[in-house]
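Residue numbers (my numbering), protein chains in the order written: chain L, 1 to 154; chain W, 155 to 298; chain V, 299 to 427; chain S, 428 to 822.
Take these hints with a grain of salt, some might be off.
As the list claims (entries may be wrong) - With a Cα cut of at most 30 Å, we get these calculated DSBU-like pairs of lysine-lysine:
1) S:K571 / V:K322
2) L:K131 / L:K83
3) V:K353 / L:K143
4) S:K721 / V:K367
5) L:K153 / W:K249
6) V:K400 / V:K320
7) V:K365 / V:K339
8) V:K400 / V:K307
Stated by the list, open to error - Facing chain W, from chain L, some residues (calculated, C-beta under 10 Å):
9) I20
10) E22
11) F24
12) V136
13) P137
14) V140
15) G144
16) P147
17) D151
In case anyone wonders, no lab produced these hints; they're calculated from the structure. Don't be surprised by glycine CBs; every beta carbon is placed ideally from N, CA and C.
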Amino acid sequence: MTEARSSELDPKQVLGNLVIREEFVKPSRRVFVVDKSVIREAITRLLKTYGETSIYISTIAGVDRFEQGVIEVNYFISILPRKEVIVLRTQLSRAEPVIDTLIDIVPGVFAGENETYDLLGVQFNGNNTLKRGFFVPEDVVGKGVYPLRKDAKW
Amino acid sequence: MSIKLIRYSPWLVHFNTGACNGCDIEVLAALTPHYDPERFGIRLAPSIRHGDILIVTGAITKKAAIRLRRLYEQMPSPKFVVAVGACAYDGGVFKDSYSLRRGAREVVPVDIYIPGCPPRPEAILHGIVKLLQKIEKLSEVGSR
Amino acid sequence: MSLWSEILKNVFKKPVTIEYPKVKTPIEKDFRGLQYADLNKCNGCSLCAIECPSKAIEMRKLPEDIKLKHNPRGLYPVINYPSCVFCYRCVTICPVNAYITKNEYRLATETEKLLSDTLSLQTLKSGGA
Amino acid sequence: MTETVLQIPISLEIPIGPQHPALHEPVMLKVYADGEEVVKVEINTGYNHRGVEKLFEMNSFYKGVFISARICGICNTVHANVYVRGIEQLLGLEPSPRAKYLRVLAMELERIHSHMIINAIMAEILGFDTLFMLIMRDRELVMKAKEILTGGRVLADYYMPGGVRRDIDDVKKDRILDILKKIRPRLEYYKKLFEVDPTITNRLVDVGVLKPRDITLHGLVGPIARGSGVKTDVRAEDKYEVYGEIPWNVITRSEGDSLARMLVRWDEAIESLNMCEYILTHLPGGQAVVDERKLPRVLPLGEAFTRVEAPRGELTYYIIGSGRDRPYRVKVRTPSFHNIINSGFSYLGYSIADVPVILVSYDPCISCMERAILIKDGEKKYVSLRDIVNMKRVR
Chain L
1 MTEARSSELD PKQVLGNLVI REEFVKPSRR VFVVDKSVIR EAITRLLKTY
51 GETSIYISTI AGVDRFEQGV IEVNYFISIL PRKEVIVLRT QLSRAEPVID
101 TLIDIVPGVF AGENETYDLL GVQFNGNNTL KRGFFVPEDV VGKGVYPLRK
151 DAKW
Chain W
155 MSIKLIRYSP WLVHFNTGAC NGCDIEVLAA LTPHYDPERF GIRLAPSIRH
205 GDILIVTGAI TKKAAIRLRR LYEQMPSPKF VVAVGACAYD GGVFKDSYSL
255 RRGAREVVPV DIYIPGCPPR PEAILHGIVK LLQKIEKLSE VGSR
Chain V
299 MSLWSEILKN VFKKPVTIEY PKVKTPIEKD FRGLQYADLN KCNGCSLCAI
349 ECPSKAIEMR KLPEDIKLKH NPRGLYPVIN YPSCVFCYRC VTICPVNAYI
399 TKNEYRLATE TEKLLSDTLS LQTLKSGGA
Chain S
428 MTETVLQIPI SLEIPIGPQH PALHEPVMLK VYADGEEVVK VEINTGYNHR
478 GVEKLFEMNS FYKGVFISAR ICGICNTVHA NVYVRGIEQL LGLEPSPRAK
528 YLRVLAMELE RIHSHMIINA IMAEILGFDT LFMLIMRDRE LVMKAKEILT
578 GGRVLADYYM PGGVRRDIDD VKKDRILDIL KKIRPRLEYY KKLFEVDPTI
628 TNRLVDVGVL KPRDITLHGL VGPIARGSGV KTDVRAEDKY EVYGEIPWNV
678 ITRSEGDSLA RMLVRWDEAI ESLNMCEYIL THLPGGQAVV DERKLPRVLP
728 LGEAFTRVEA PRGELTYYII GSGRDRPYRV KVRTPSFHNI INSGFSYLGY
778 SIADVPVILV SYDPCISCME RAILIKDGEK KYVSLRDIVN MKRVR
């Protein structure tokens with residue numbers, strides 16, 4: 001009974017005071033901008049409300065916003081009973097892109113966090129599986145270049 | 155185009171150097187009943203050391219290039235290389251990527267190119283038959 | 299019982315194999331095979347070379363003895379087939395529909411380049427310009 | 428249990444790949460085995476990394492349509508479709524109803540042939556080579572239908588923002604319908620074979636069982652999730668193109684083992700066949716082909732996140748426009764990226780002989796997986812694709 005009711009909750013209510021502002025990604029997918037320090041809490045709340053078998057992290061997309069000096073990390077979360085995809089967006093400073101890992105809460109971020117680290121150089125605190133050069137060829141790794149950064153040269 | 159020319163059974167070795175699987179499934183399709191290259195004695199070799207013809211599919215990534223070179227060195231002579239698809243020729247749509255070498259010929263000597271993206275199975279067979287005719291010519295010159 | 303009928307059916311059935319070099323497999327008329335520019339129409343705008351996703355098209359100068367009124371710049375596209383991905387972007391983007399498309403797919407080549415220049419230049423002769 | 432297995436001293440290291448006769452995929456596996464039990468598998472990847480996401484940023488977004496199709500040859504129409512829909516969202520274009528129907532037709536034909544090829548490979552892995560050859564023979568029919576529709580056997584290059592690139596007439600329509608009629612009894616026969624044949628069921632039943640909780644926590648998608656009773660299908664959730672209009676069902680099974688995953692695929696192939704026939708008999712009139720010369724040249728600012736149900740599961744594209752002719756960022760997350768990299772836990776407790784079966788039941792596709800970056804290392808028990816198949820052959 002409680003299960004059915006909780007799946008009707010709007011994700012905005014669930015996240016509550018964590019949301020700094022709301023944006024949109026076409027086609028009408030809601031983006032909740034949260035601070036990087038509360039990302040673990042946000043995911044835990046979503047997991048608790050909707051249940052472990054009802055949501056999964058679909059994509060982790062890092063974006064280098066070169067002009068603004070930030071690296072965005074977007075978590076695309078699919079909520080199955082609501083047939084909806086919401087986005088949690090965090091912004092990290094470009095000079096020191098560090099964010100807490102989710103790997104102990106949701107093991108499925110393993111692939112995404114590794115990829116974001118190798119391509120964009122985002123450090124995930126507490127994830128000790130990160131390793132460079134598994135995908136990027138060695139000559140690029142040797143120069144310490146993250147290929148998807150806008151100022152990358154090789 | 156006569157098949158009589160073919161005296162030997164060339165065995166193929168297939169190496170995917172970073173293809174999109176398009177060429178791979180067409181190479182696979184070329185080996186199935188519809189086209190049946192075993193009529194010419196062509197079949198997949200169980201190991202690189204038994205192979206006569208190396209089929210290279212896909213863009214040559216820097217990591218795979220090292221392996222391709224090593225495979226080529228391990229093949230017994232005479233050995234021939236067939237580059238299948240635009241990616242193996244020069245990278246196709248992927249040229250200019252940070253992760254690629256420009257084409258198979260940078261790494262190994264290529265005997266025949268099969269254009270297409272991906273080539274039809276018939277085109278792959280056509281290319282191999284053409285290569286066999288070339289081999290035949292070479293061996294005739296050699297025996298004289 | 300059904301086993302026997304299956305066996306009999308298969309004994310008299312033709313094999314599915316197409317004896318390829320002897321028998322040609324049926325190819326669709328509009329299969330994306332080789333394409334080249336018809337110089338009777340091409341105006342040398344270079345749009346195909348710019349738009350080609352695999353950068354397989356190179357604009358070349360026409361031979362000196364050929365002067366075309368509709369082609370003031372004297373350029374024509376030359377496709378390098380091994381590099382081409384046969385997406386037909388050049389065919390659909392061409393402002394004057396100058397490309398001729400064929401369903402020919404047997405293009406295996408021993409040489410490093412297989413160019414469309416002779417095919418393109420032939421269109422001038424046959425067109426009787 | 429997991430911990431103790433990992434602590435067993437490693438007795439034998441078997442390197443497999445990147446070139447291997449049974450393995451047509453460029454991955455290198457280091458398998459650590461103790462007797463029959465795999466204790467650890469390391470995957471070395473990067474052999475197929477082509478830097479696609481950077482290429483999107485370097486080329487105009489029209490070239491991106493063709494690059495996206497070449498990320499994966501087996502699922503090229505879905506890649507192109509999801510990219511084109513993202514571009515359409517940014518440009519504000521809407522294709523005609525006929526174009527939408529034709530788009531779905533191309534995608535469903537591709538789903539049939541993709542599901543057939545993975546089932547054929549599964550038959551080969553089980554040592555049932557006759558079945559492999561039979562399925563591959565019948566798959567040629569689907570390829571012919573694709574050739575009639577799109578002009579290419581594998582790579583369709585069928586999509587353009589605003590519509591499709593070629594139309595079909597009544598003659599072609601009837602030919603495709605004829606082919607579909609021939610395929611239907613074959614698909615039903617193979618499905619029955621997978622249900623009843625002891626050669627297959629003895630190897631697949633109760634192998635690689637996944638619970639719904641494992642599926643969502645590890646982000647597994649597609650037929651794998653549906654084989655474990657998780658009802659997730661982007662076609663039903665987003666109702667993109669015309670999936671909201673044509674009748675079809677989401678297939679789920681509750682067993683969660685390898686056989687359930689393969690049977691979900693056969694059921695889906697039959698479901699796709701029904702959709703194709705419905706589309707061909709209910710094709711609306713109008714203009715489907717878009718004039719590429721009149722399309723806008725600039726991609727406006729904005730963000731789009733589009734999803735599609737690829738044969739292997741949910742495929743997502745995240746596109747950011749730049750106000751110029753090239754996108755600012757394109758992020759591609761392919762189904763194999765999650766299905767293969769995150770599924771390492773599922774091999775625990777099974778013997779070596781079961782590893783290839785489990786692996787193939789995930790429908791591995793390295794080119795999809797590595798398009799951007801692939802990283803993996805020991806730590807977990809990690810087993811990769813078709814490669815492990817080889818393990819069996821090596822022995």
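The hints, checked one at a time:
Straight-line distance between C-alpha atoms of S:K571 and V:K322 comes to about 15 Å, which keeps the hinted pair within the 30 Å bound. Restraint check for L:K131 and L:K83: the C-alpha separation of about 35 Å exceeds 30 Å, so the hint is violated. A threshold of 30 Å between alpha carbons decides the hint, and for V:K353 with L:K143 the separation of about 29 Å falls inside it, so the pair holds. Only pairs whose Cα atoms come within 30 Å are accepted, and S:K721 paired with V:K367 is accepted, the gap being roughly 26 Å.
Restraint check for L:K153 and W:K249: satisfied, since their Cα atoms lie roughly 16 Å apart, inside the 30 Å limit. Between V:K400 and V:K320, the direct Cα distance comes to roughly 21 Å. Compliance with the 30 Å bound is thereby established for this hinted pair. Proximity of V:K365 to V:K339 is assessed by CA-CA distance (about 13 Å); at most 30 Å being required, the pair is judged to hold. The suggested pairing of V:K400 with V:K307 is violated, with an alpha-carbon distance near 39 Å, which exceeds 30 Å.
Because the closest C-beta pair between L:I20 and chain W is about 35 Å apart, greater than 10 Å, the hint is violated. Checking L:E22 against chain W by beta carbon gives a least distance of about 37 Å; that is not within 10 Å, so the hint is violated. Residue-level restraint check for L:F24 is violated (minimum Cβ-Cβ distance to chain W is 32 Å; threshold 10 Å). At its closest, the beta carbon of L:V136 sits 7 Å from a beta carbon of chain W; the interface hint therefore holds under the 10 Å criterion.
Of the supplied interface hints, the one on L:P137 holds, with its beta-carbon coming within about 4 Å of a beta-carbon of chain W, less than 10 Å. At a threshold of 10 Å, the smallest CB-CB gap from L:V140 to chain W is about 6 Å, leaving the interface hint in force. Because the beta carbon of L:G144 sits about 14 Å from the nearest beta carbon in chain W, more than 10 Å, this interface hint is broken. Because the smallest distance between the Cβ of L:P147 and any Cβ of chain W comes to about 6 Å, under 10 Å, the interface hint for this residue holds.
At its closest, the beta carbon of L:D151 sits 14 Å from a beta carbon of chain W; the interface hint therefore is violated under the 10 Å criterion.
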